[in-house]
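There are 2 protein chains.
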Amino acid sequence: VKFKSKFALAVIFTAVSASAIAGKDEDQQIKFRQSAYTFTAWNAGKIKSQVVDHPETYNKDQVIAAANAIAAVANSGLGALYGPGTDQGTGWKKTRLKPEFFEKPEDVTKVALAFRDESNELARVAATGDVGAIKTQFGKLGEACKSCHDKFRAKEE
Amino acid sequence: VKFKSKFALAVIFTAVSASAIAGKDEDQQIKFRQSAYTFTAWNAGKIKSQVVDHPETYNKDQVIAAANAIAAVANSGLGALYGPGTDQGTGWKKTRLKPEFFEKPEDVTKVALAFRDESNELARVAATGDVGAIKTQFGKLGEACKSCHDKFRAKEE
Chain A
5 VKFKSKFALA
15 VIFTAVSASA
25 IAGKDEDQQI
35 KFRQSAYTFT
45 AWNAGKIKSQ
55 VVDHPETYNK
65 DQVIAAANAI
75 AAVANSGLGA
85 LYGPGTDQGT
95 GWKKTRLKPE
105 FFEKPEDVTK
115 VALAFRDESN
125 ELARVAATGD
135 VGAIKTQFGK
145 LGEACKSCHD
155 KFRAKEE
Chain H
5 VKFKSKFALA
15 VIFTAVSASA
25 IAGKDEDQQI
35 KFRQSAYTFT
45 AWNAGKIKSQ
55 VVDHPETYNK
65 DQVIAAANAI
75 AAVANSGLGA
85 LYGPGTDQGT
95 GWKKTRLKPE
105 FFEKPEDVTK
115 VALAFRDESN
125 ELARVAATGD
135 VGAIKTQFGK
145 LGEACKSCHD
155 KFRAKEE
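Residue numbers (our numbering), protein chains in the order written: chain A, 5 to 161; chain H, 5 to 161.
Incorrect hints may appear among the rest.
Which copy is meant is left open, because identical chains are indistinguishable; a pair holds if it fits in one copy or across any two.
No more than 30 Å apart at the CA atoms, straight line, and that leaves these computed lysine-lysine pairs for DSS-like [as the list claims (entries may be wrong)]:
#1 Lys28 - Lys97
#2 Lys139 - Lys28
#3 Lys28 - Lys64
#4 Lys28 - Lys52
These aren't lab readings, by the way, just hints derived from the structure by calculation.
None of these values were measured; they are calculated from a predicted model.
Hey, can you work out the whole structure from these sequences and the hints?
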């Protein structure tokens, strides 16, 4: 079993290094964070659909899973994907990170903590099944997202 | 606050619909699942580094966060991203999903449940801080990944 296990790992991580994380380190970081936020957008979209746009489709377990997924992203240590120089480069696409990100560390900390705290609170509220409270907290998470985008993300070209 | 909240949501989801989920629905599903797995690969890479390759760098909180992130992906309802026809199409890149995926629903269920169960078990074991047990369980998750890749993912072109 040990050999099989090691073999599986070798195969998987050879595949990873040959595709998902190909390219120079800065571009890898950009690709990973673009993936993290796109996965987040999918989950946020599900919550928006079920608690804002079409509350008749609300499914408690699905909203809990989506909120937990967003919180897991927010708690995953994304800071490691914002190395020096990563305001330039291409992951899945050209990064939109503004150079200001590296000039305003206090503002970065503030938006990062807001994303973490509002996400964890959303996961907590989602578990209660109180749709009104989930909607309110989802709005707060949206403001945390927007605050970072306004400060540190360039407009779509 | 309500208006501000709604405005933030509108801005965020306009941005999402204009970029992350642009294109036809099949391509959106492919992009979301590629994002989910790339985010998973980043977290698996951190665990591999800290418990397999460089155990002297083991950080309990970081491994817990990474394991929770993988489990959250596995529990997020990825099945919704495998709609009919999504063995063709381009998300961030051309999909490698084999047509066999749609011909062997029992095998799909089997690999999906293995991914979910081994991920949840890894999150449970990570919380104990027992590095040997984490390594063993990480190997089991690797086998679950490999099993799906072997059956349903085409080789890199």
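Indicate which option fits the pair lysine 139, lysine 28 if close means a Cα-Cα distance not exceeding 30 Å: within, between, both or neither. between (41 Å within a copy, 28 Å between copies)
Is it within a copy, between copies, both, or neither that the alpha carbon of lysine 28 lies no farther than 30 Å from that of lysine 64? Between. Shortest inter-copy distance 28 Å satisfies the 30 Å Cα cut-off; intra-copy 42 Å does not.
What label fits lysine 28 with lysine 97 when the C-alpha limit is 30 Å: within, between, both, or neither? Classified as both: same-chain Cα gap 14 Å, cross-chain 18 Å, threshold 30 Å.
For lysine 28 and lysine 52, with the copy left unspecified, which applies at a CA distance of at most 30 Å: within, between, both, or neither? between (36 Å within a copy, 20 Å between copies)
Violation of the numbered hints given earlier is absent; every hint is satisfied by the structure.
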